[in-house]
Structure formats: C-alpha cells, structure tokens
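Colleague: Residues per chain are reported as follows:
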Amino acid sequence: MSEPNPEITDALVAEHGLNAEEYARVLEILGRTPNLVELGIFSVMWSEHCSYKSSKKWLKTLPTDAPQVIQGPGENAGVIDIGDGQAAVFKMESHNHPSFIEPYQGAATGVGGILRDVFTMGARPVANLNALRFGDPGHPKTRHLVSGVVAGIGGYGNCVGVPTVAGEVNFHPAYNGNILVNAMTVGVAEADRIFYAKAHGAGNPVVYVGSKTGRDGIHGATMASASFDEDSAEKRPTVQVGDPFTEKLLIEACLELMATDAVVGIQDMGAAGLTSSSFEMASKGGSGVALNLDHVPVREDGMSAYEIMLSESQERMLMVLKPGREAEAKAIFDKWDLDFAIVGELTDSGRMVIQKGGEQVCDLPIDPLAEAAPEYDRPWESTPAQPDLTADQVPAHDPAQALQTLIACPDLCSRRWVWEQYDHMVGADTVQRPGGDAGMVRVHGTDKALAVTVDCTPRYVLADPVQGGRQAVAEAYRNITATGAQPLAITDNMNFGNPEKPRVMGQFVGACQGMGEACRALGTPVVSGNVSLYNETGETAILPTPAIGGVGLLDDLSKMATVAFKADDEAIVLIGETHGHLGQSLYLRELCGREDGPPPPVDLEAERRNGDFVRELIRGGWVTACHDLSDGGLLVALAEMAMAGDRGAAIQPPEQAAPHAWLFGEDQARYLVTAPQAGDILQAAQAAGVAAYALGRTGGPALKLAGGPSISLQRVRAAHEGWLPSFMSAAG
Amino acid sequence: MKARVHVTLKTGVLDPQGKAIQHALSQLGFDGVEGVRTGKVFELELTDTDQAAARERVQQMCEQLLANTVIENYDIEIG
Amino acid sequence: MKARVHVTLKTGVLDPQGKAIQHALSQLGFDGVEGVRTGKVFELELTDTDQAAARERVQQMCEQLLANTVIENYDIEIG
Amino acid sequence: MQAAVIVFPGSNCDRDIAVALERASGQRPHMVWHKDSTVPEVDLIALPGGFSYGDYLRCGAIAAHSPVMRDVKARAQKGTAVLGICNGFQVLIESGLLPGGLLRNESLKYICKDVGLEVETHDSIFTRRYRNGQRVVFPIAHGDGNYFIDEDGRRRLEDEERIAFRYCDAMGQVTPEANPNGSVANIAGIYNRERNVLGMMPHPERLADPLLGGRDGAAMFDGLVEALA
Ligand SMILES: Nc1ncnc2c1ncn2[C@@H]1O[C@H](COP(=O)(O)OP(=O)(O)O)[C@@H](O)[C@H]1O
Ligand SMILES: [Mg+2]
Numbered sequence: 001m002s003e004p005n006p007e008i009t010d011a012l013v014a015e016h017g018l019n020a021e022e023y024a025r026v027l028e029i030l031g032r033t034p035n036l037v038e039l040g041i042f043s044v045m046w047s048e049h050c051s052y053k054s055s056k057k058w059l060k061t062l063p064t065d066a067p068q069v070i071q072g073p074g075e076n077a078g079v080i081d082i083g084d085g086q087a088a089v090f091k092m093e094s095h096n097h098p099s100f101i102e103p104y105q106g107a108a109t110g111v112g113g114i115l116r117d118v119f120t121m122g123a124r125p126v127a128n129l130n131a132l133r134f135g136d137p138g139h140p141k142t143r144h145l146v147s148g149v150v151a152g153i154g155g156y157g158n159c160v161g162v163p164t165v166a167g168e169v170n171f172h173p174a175y176n177g178n179i180l181v182n183a184m185t186v187g188v189a190e191a192d193r194i195f196y197a198k199a200h201g202a203g204n205p206v207v208y209v210g211s212k213t214g215r216d217g218i219h220g221a222t223m224a225s226a227s228f229d230e231d232s233a234e235k236r237p238t239v240q241v242g243d244p245f246t247e248k249l250l251i252e253a254c255l256e257l258m259a260t261d262a263v264v265g266i267q268d269m270g271a272a273g274l275t276s277s278s279f280e281m282a283s284k285g286g287s288g289v290a291l292n293l294d295h296v297p298v299r300e301d302g303m304s305a306y307e308i309m310l311s312e313s314q315e316r317m318l319m320v321l322k323p324g325r326e327a328e329a330k331a332i333f334d335k336w337d338l339d340f341a342i343v344g345e346l347t348d349s350g351r352m353v354i355q356k357g358g359e360q361v362c363d364l365p366i367d368p369l370a371e372a373a374p375e376y377d378r379p380w381e382s383t384p385a386q387p388d389l390t391a392d393q394v395p396a397h398d399p400a401q402a403l404q405t406l407i408a409c410p411d412l413c414s415r416r417w418v419w420e421q422y423d424h425m426v427g428a429d430t431v432q433r434p435g436g437d438a439g440m441v442r443v444h445g446t447d448k449a450l451a452v453t454v455d456c457t458p459r460y461v462l463a464d465p466v467q468g469g470r471q472a473v474a475e476a477y478r479n480i481t482a483t484g485a486q487p488l489a490i491t492d493n494m495n496f497g498n499p500e501k502p503r504v505m506g507q508f509v510g511a512c513q514g515m516g517e518a519c520r521a522l523g524t525p526v527v528s529g530n531v532s533l534y535n536e537t538g539e540t541a542i543l544p545t546p547a548i549g550g551v552g553l554l555d556d557l558s559k560m561a562t563v564a565f566k567a568d569d570e571a572i573v574l575i576g577e578t579h580g581h582l583g584q585s586l587y588l589r590e591l592c593g594r595e596d597g598p599p600p601p602v603d604l605e606a607e608r609r610n611g612d613f614v615r616e617l618i619r620g621g622w623v624t625a626c627h628d629l630s631d632g633g634l635l636v637a638l639a640e641m642a643m644a645g646d647r648g649a650a651i652q653p654p655e656q657a658a659p660h661a662w663l664f665g666e667d668q669a670r671y672l673v674t675a676p677q678a679g680d681i682l683q684a685a686q687a688a689g690v691a692a693y694a695l696g697r698t699g700g701p702a703l704k705l706a707g708g709p710s711i712s713l714q715r716v717r718a719a720h721e722g723w724l725p726s727f728m729s730a731a732g
Numbered sequence: 001m002k003a004r005v006h007v008t009l010k011t012g013v014l015d016p017q018g019k020a021i022q023h024a025l026s027q028l029g030f031d032g033v034e035g036v037r038t039g040k041v042f043e044l045e046l047t048d049t050d051q052a053a054a055r056e057r058v059q060q061m062c063e064q065l066l067a068n069t070v071i072e073n074y075d076i077e078i079g
Numbered sequence: 001m002k003a004r005v006h007v008t009l010k011t012g013v014l015d016p017q018g019k020a021i022q023h024a025l026s027q028l029g030f031d032g033v034e035g036v037r038t039g040k041v042f043e044l045e046l047t048d049t050d051q052a053a054a055r056e057r058v059q060q061m062c063e064q065l066l067a068n069t070v071i072e073n074y075d076i077e078i079g
Numbered sequence: 001m002q003a004a005v006i007v008f009p010g011s012n013c014d015r016d017i018a019v020a021l022e023r024a025s026g027q028r029p030h031m032v033w034h035k036d037s038t039v040p041e042v043d044l045i046a047l048p049g050g051f052s053y054g055d056y057l058r059c060g061a062i063a064a065h066s067p068v069m070r071d072v073k074a075r076a077q078k079g080t081a082v083l084g085i086c087n088g089f090q091v092l093i094e095s096g097l098l099p100g101g102l103l104r105n106e107s108l109k110y111i112c113k114d115v116g117l118e119v120e121t122h123d124s125i126f127t128r129r130y131r132n133g134q135r136v137v138f139p140i141a142h143g144d145g146n147y148f149i150d151e152d153g154r155r156r157l158e159d160e161e162r163i164a165f166r167y168c169d170a171m172g173q174v175t176p177e178a179n180p181n182g183s184v185a186n187i188a189g190i191y192n193r194e195r196n197v198l199g200m201m202p203h204p205e206r207l208a209d210p211l212l213g214g215r216d217g218a219a220m221f222d223g224l225v226e227a228l229a
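Chains as they are written, first to last, in UniProt numbering: chain A, 1 to 732; chain B, 1 to 79; chain C, 1 to 79; chain D, 1 to 229.
So here's chain A without its partners, still in its complex pose (with noise of 0.2 Å):
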C-alpha cells in the first residue's frame, strides 16, 4: 500500500498548528515542500506541548541547581541525591483534556504515562499522587468526572501495584470546562544507574517494546486520516485506552533488562509518541536515526506511516542497545510476554530517515528542526493588586458555627472517599497515609522514608500570582516538614489558561517569579515540570494552577511525627505569626460569599526559620504531634489534629485578637505542634527568633475555646466525613 500523499494546503498547515510564519520555517529547513509525514512531524515536535513554546523562556529563569540535584529538567524526569548511593527520581504530568473528554481513560492513562517517565529512567515507581481540580459541584456534569477520574487513577495506580499515597482536591466553577487531572510519580534508584534519552553510536540498534501500535490519540490532523478511511462510517474515537496490566510488565522487563549493561538510552512514547521519543533520544546524542516502520507491531491492518509516527497508543518504550546485545534483552521481553522489535537503527546522517514499504517517507535533518523550534515571548500584564481588606470589613459569625461550616465544605472536607479508591499501602513501606500533611514511604530496606506532598492555592494565584507562586512551594515545603523530613526539590504541573491572552500570561510570568523566590529561598530547586495551557472554554479561563509536588527526606524513621494527637493533657503550641489575614480565604468564601482580598503574604524568610526550627523539634524528639497551618486557618487545622488524634482541646486565643481572623485567617509560615509541655518550646523559639504561643492543652470529647463554645468533636467529625460521600450518591 502506498503512503497517501495530499497535496500540501494552507488549510493543512493549519489544521496541524503551525501559523504562517513557522510554516516559512519549516520550507527554510527543508527547502522543499514537506510531506505530509514530514508535516505531521513538525506539527507535533513544534506543538505547545512539545517544544514550550510560550513558556520556556520563563521555565529557564526557575532555579534548578543544588548540591542534592542529580539531574535537573530536560530529561523524562528529575534526579536528587538521597543518600547512601541513592536517589529519588520523580515528575508531574497532566492528562486535563484526555479526562474531560473520557475522565476514566484519561485520568487512567495519565498515570500510565507519567510511570514510564520515571521508570525510564531506571527507577522503580514507589509512590504516586495526583492533584486534580474539578468545576463546581453544582454543575450537572462534576459528579460524572470526579467519578471517572478518581476510579482511573486508582484503576492504573492498584493494578500496578505502586501505591497512591497522597493528592489535592478542589472545586471552582472556572474548572466547569477544563478540569485539571495532574498526576505525580516519585521513584527509586541507585544514583550510579540512571537511564537518559541520549542514543549515540551509529549502528546502534533502535528497538522497540511494549504494546502493539493503533491508531489511538492521533489528534490535530482529524481531516487528513479522515480522508485515509473513506469507507468507514465511524469517528474515529481520539481516546486512548490504557492497559495497567501491561504496563507493570513493561516496569518489570525495563528494570530487568537495565540491570544489565546491554542499554545505550531508553525513552518512553508518550504525547507524539515514536516520533517524539525518536527525535528527542537522535537530537540529545547528538545522531541520526534510520527507522522502517513495517517492523512496528501494529495493531490495526493498513497503518499509514503518518499514524504510526503520530500515534499516541499507550505502554510503548523506545530504547537504543550495545550491538550484540538484541538477542538477550528480546529474551526479557519475551519472558514477559511482551511485543520486542528492531525497528531501525542509529546514524550519522545527523538525519531522520523513515521507510515503508520500501519507500521513503521522510527524510528530516534533527537538529535544524530542534532548534529552530519556536520560542515566543509573548506580551504579558501583571494583575493588579487587590485592595486591602482588614478583619472589620469581614463579618463575624460564630465560631462554633463557623468551623462546622468550614470543614465540611468542597474545598476542605474528607478526601476518604478519593483515597480508599486508591491501594495506598502496595509495597508495605506506607508510613503515612493519606490524610496528613505528606504522603510517607519508606525507602524499601532501609530505615529512612521520602515525604511527598502537591499543593496549590489557585484562589491565591489568581488574586496576586508572585504571592500565589511563593505560596504554593511554601505549602509542599510545610507539608513536607511537618512530617520531620527535610524538603529537597520540587517538580511542577504549571496549568493555565491561553497564554496568546496577556492577563493569562502575566499570571504565568508571575507565578514563575514568586515560585523561582520562594524555591530560592527554601533550598528546593525545580528538577522536573510540565506545562499545561490553553485550559479555557469560551472566555472562561481556569484559576492559575502551579501545583508543586515536593519531595522530601526524612533520613531516621523513627523521629517522625504524625497530625494526631497522641495523648490527653499536652501542650498545644503554635509556631508563627498570625495577624489574622482574611484576604482569600475560605472563612470569606464559604462563610461571606465572597471571593476578594490580597491573599496572604508569604515571607519566605519567616518560612524558612519557622521550618527549620520545626524540623529541629522533630528530629530532637520533642514534639508528639505537628500540623502545618494552611487552607481554613488555625481552628480548621486544630480539628483535623483532633480528629486523627480522637481526642478534643481547650484553648485559648489571646484576648486582643478578633476571634473570627484569628481562628480562620490564612497566615503562612505557621505549625501547630503538641508536647507534654510548652516551656521547653516556648523557650527554643524565643531563642531561635520564632514566634510561638501555648494555645491550650489537648483532651476531652470536643474544641472548647475559652470563653466561647464548645464544639463536640463527633459532630465536626460527622460533618468532615460526610461531605464527599453524600455528594457522590447523590442523584444526577
């Protein structure tokens, strides 16, 4: 069968994505017309998504470096130094679009694809999170995605059997039309064996493994394989559908096979799958690469070239092998009943050339192509500041009420009913679970454990996005060290509206200012991150959205704190300044209706001290409980303390303090930490230059403030949980 080959129109141009001005490149590059292989190629290596076109310049301004820093971003994803000849490998992705359109399946194969990038790199996955957003629960439609998404991750996460230890959940309604479904994976590795996607070696074979190739996710270019298929009356589904079971063979045969020598470079076909992972491992060895597609295992009769290199079918590894060496890992993969073949081999033509058939069908030089992808500095506003808002200006309700009110909203009640969907304990090395401040998992065998964390305050990031930015790492780094462990590095999902609109993209240049300040000044550089725009329908942009997942270490297991109170009669200490900020927060939200104010500032001077000191509570055994401070406040947090401990307290807010902003203001940089007493600590932070203040002791069966109400502990509890559950069985 002979390739199809239509005639090259504007109109084909432009339905692959490239504007006129990138297409006058693509003619430069080649001197001739392309293909529509070739097109099909430029089209998705020079795509957002590929090439950051829009955001790259700004990604570079984010600090990367770092004594713990092994490999920073530009590879599948980043490295730290953990220890003991180890390393922690780990990345964020998002599947946003894939899981509005088919929220199981997309959310599902979102976790299939950000696995192989850390397996890719030698790694065994040891924890996955995921961090999603969805619309307003009122919309008819939310019910259906939370559903989807939620079964889908756990579906791929249990199957293969890498346990799902921690995430975030919120609702807005600028999330009705974009969802976000970002997820996270964290793996393990000996520091001296980690895989790159570099192929060199002219003669090197390329080989192919994994599933068989279909015509899944071929997008961009529905005219052009609409008119490969005239008789069929059915639309192509665009859907990828993915295949756990597979995929776990692939982690086991990959990691089988990397135990030996036999493998030069290794990458996984993710978004453009064999034409990204060709590309990317010719262009960072600096080779060429020779490919004949009719050795690709298909899966589909009459596969054009075109789909097979745009094909997007999930649980595909590229690799380039030492010559020689094809016959023992096709021994692997066949033990593992996996599809293995030789597909091409490397050059050093410093050339793309593919054939089919017996014809050529493309022919592209590599680096021209990556090189000259584009990069646009596109025009930006910075938002304008919101104006002051003081706690007089915000009504005062009851506490007690107040709180019920709180803990039992969208944004802020039990995620139980996500996380027993997930296997959060596979592997036996689940220290903590979900429900705390970090996920914890032990590093298998020894007696130190890595604490994971994403978060992310989009009501924040839209009200001020520097403060936004700085806050988000700000939080992952309490998350982080609330535990005892010391936060060594983030990687980020960087979600955002059309970045061709200057407000969207000032929120976007601000957030990588305000998270390059705070990474900067809490010692976590950024070795790993995703881009994900144009998330709007209509005029309606999502909330700015730059999750951070953070990794941490905690390097002796046996000082490590937990959220619950732990006994009756203990001080209650909490640790930082707390003026009682009401800007954004969700006393205003859920309580007033209203969505305005700075947010919080984040002094990330304070955030580092008051960090540090806690870590040093932790590790000298002098705390029996430690809570960071964040969304609702100080009584919010308090509770959650009280409901993982099943005991209450009593406390005591100081008396000039307007009760409402001092128990439900969002200052950052703060903890609540419990010991049998509070002198000792009191002291230390006075020392240390930490604000501190013995808040009240726990015990008994309910939050009791003083003076004021008494706030039965069942009843926040049953509120808490019920949320979530009853929503989900709701009808509709």
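Everything labelled a hint here was simulated from the structure, so no lab data went into it. Please note: incorrect hints may appear among the correct ones.
Computed cross-link-like contacts, EDC-like style, restricted to lysine to aspartate or glutamate with a CA-CA straight-line distance of at most 20 Å [to be verified]:
1) B:K2 <-> B:D75
2) C:K19 <-> B:E43
3) C:K10 <-> D:D152
4) D:K35 <-> A:E420
5) C:K2 <-> A:E300
6) B:K2 <-> C:E45
7) A:K322 <-> A:D192
8) C:K10 <-> B:D75
9) A:K53 <-> A:E500
10) B:K40 <-> C:E43
11) D:K113 <-> A:E420
12) A:K559 <-> D:E151
13) B:K10 <-> A:E300
14) C:K19 <-> D:E106
15) D:K113 <-> A:E721
16) B:K10 <-> C:E45
17) D:K109 <-> A:D646
18) B:K40 <-> C:D75
19) A:K212 <-> B:E34
20) A:K448 <-> D:D209
21) C:K2 <-> A:D337
22) D:K35 <-> A:E328
23) A:K141 <-> B:E63
24) A:K330 <-> A:E420
25) C:K19 <-> B:E34
26) D:K113 <-> A:D646
27) D:K73 <-> C:E63
28) B:K40 <-> C:E72
29) C:K40 <-> B:D75
30) C:K40 <-> B:E77
31) B:K2 <-> C:E63
32) A:K322 <-> A:E345
Here the structure is a predicted model, which means the values were calculated and not measured.
Guided by the hints, dock chains B, C and D with the ligands onto chain A, whose structure is given.
Modeller: Quick look at chains B, C and D with the ligands alone, frame taken from chain A:
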C-alpha cells in the same frame, strides 16, 4: 417486556481484556483464535407494553448510562 | 468464522452491578425497570471452517476458561 | 519454615508477602515463576495479592491456568500448606481448591482500608496464634472481594468449621454495616476441608510491622513458622 443491550468497544479502541483472553486461550492450546473482543450485555425487565416506546426509552438509557459513547457502541434487542 | 459467547450469572447469584444499574436508572427517572442482569459477551474470530467442530471447541473454551460454571452460565452462537 | 511465593504476571504483593515471611522465619522464600512446572519442596506455598493478568476476564481466572498451578493443586491435595491472599484467594477459588466465587464489591468500587475481622476458627496452622472470637485488624484492598456461596455451601462451611475470618465492627460484632463488600455472611476467609489451604481477601502481610500501623498480621506468620518448623 424484556430488552437486551449489547455494549461493545468501537473499532480501533484497544481492548486489553480481549488481548489477555486471546493469549490465555492460545496458552491453553486452543489454536486458530485470531481475535477476541469483549463486551457487556444487559438484560432489562421492563413494564412497557409498547415495543417502539420501549426501544426509544432503552436507547435513552444507553446514551445516558449503559454505554460510554465516547468509546463504545450499543445495540438494542427488544422482546 | 465468528463465535459469540454470552456469559451471565446464574439465577440466585447476586449481581451487584445489575442492582446498581437498576438503582441508577430509577434515579435518572426511568420508571418501570423491574430488573437488570449484567453479563459479558466475547466475540471470537476463529480459523475453523466446520461449524459443529467450532461449537465443540468453543464449548471447551467456556468450560475451561471463559465461564466460571460455579456461578455463571454460558451460551454460544456460531456464524 | 521454607516458603515459596508464586509470581504471576501482574502480581504486586509478592515482595510484601516475601518480606513478612522472611521476617517471621528468618528464611528467604523461593520466588517461583508462573511458567515453571514445579514448585520446590517447601512447607508453605503463598499466592500473593495483585492483579494477575490485569484481573481481565475474572480475577484469578487466567492465573489459575498457569503451568505452575497444576503442581500447586497437587501439593495442596497432598497436604502442603497453601495461603492465598486477595488475588491469591481469587486464584484458589478459580482453580477449584476453595468453593464459591468472588464478585464485584457491592459498592462497585475498589476499597483500600483497615477492617476489623473476627477470628472464627483458630484451629489451623494459619490462625493458631489467635483466639476464637478475637478481633484483629487487617487492611483490605480489592475491587472484587464480594464472596458468594449458595445456602448449602455456606452451611457446609459452617458445619465443618471452615470459616477463618468474618468482617466485624469495632465492638467485634459481625453486622451488615461491618461488611465492606457484600460478602455472604460477612465471610472474609475460608479453609478447605483439611484446613491446609486458606484463602482470604484481607492482607495480614500489610500489618505485620508496627511502622505500618499495626502488628495483628504478624501472628499469622509466626504461627505458621511454629507449626511448620
Ligand atoms: N486526590 C487525592 N489522592 C490522595 N490523597 C489525597 C487526595 N486529595 C487529598 N488527599 C490527601 O488528603 C489530605 C488532605 O489534603 P489537603 O487538604 O490538600 O492537605 P494539605 O492542606 O495539608 O495540603 C492529604 O493527606 C492529602 O494527601
Ligand atoms: Mg498540610
């Protein structure tokens, strides 16, 4: 009245379950099984008395609940 | 040759999925659905040329793998 | 005690059970590949949790036909101790070593959480370290753990004292509310007639280490070591 609904994956959509079953059959020594596609069947017991109306209703059930029309086709038999 | 196999739960075996679907349908406002039973369907592509032999073979596949005859019934259509 | 852990494609608790067995016995179990035709001479054969063959078709159905299962069945019939946890239980059911069936959870959702179990029959090599009526906590993690057996079958299990565990509440009461998946009579684990084969949905190997939140599971492995040493 009874209705029977078949829900099958659209052509081209990966059917990992079918793939696994095909493999297992060949391991059990059943040769010549060239493909396996899996699907679901729902048998509904309806109080309807009118065939055409019942079909109409079942079609709505398929669209709204029984099938995921993004990746699945359905087929209705009445009676 | 094609074979189609239906596998359904035996009467008396609880069908949690059928029950859930029935409930969901009534929540969606579809009245008069008195029962829902769910099952699986397998479409096999066979190289066989003889109908009777194919049926015989498919029956063995059902007994050995496709159905769990402790809790499920099966039914074979050839052609 | 020398143990063997069978590894099916898609098993994912194989390492977890091996760790728990080694901790109890001091001996590293043999990891036996499903394509092998024989299991080495051992005191205990463990079938681990996970998603053998992706849980496609029916959980455990394809794995039950693995080459190695012929030998596992023969050994079980000769009296070797066989423990199937979660997916391992599903494989034992599908291979006919234990009666009944495991259906989708009543909620149709996968569930991962700690549950209470009442030890109903402690007269076995697996449960000798527990007391009858004792309440223990193990995690469950499954989508298809809804145990089904007909009335006659259930009566037979009860008469022959073959019910190892039932789901119970915090007070140790076997109630419908304590049933996480819809299992007939809250059944969580059963023996064969000779009680050398135990299949159970909950995971004792996940709570055999205090750092993971409890040690109730360790008594099962310690008891096995004592009985099979
Ligand atoms: N989608 C999810 N998957 C797994 N765990 C989740 C998910 N969403 C929330 N959690 C867990 O629930 C707990 C509360 O989440 P959150 O309120 O976001 O915590 P924090 O305010 O400390 O960041 C955390 O332990 C978190 O890991
Ligand atoms: Mg926290």
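Colleague: Taking the earlier hints as the rules, which of them does this structure contradict?
Modeller: 4, 6, 8, 12, 17, 21, 24, 25, 31
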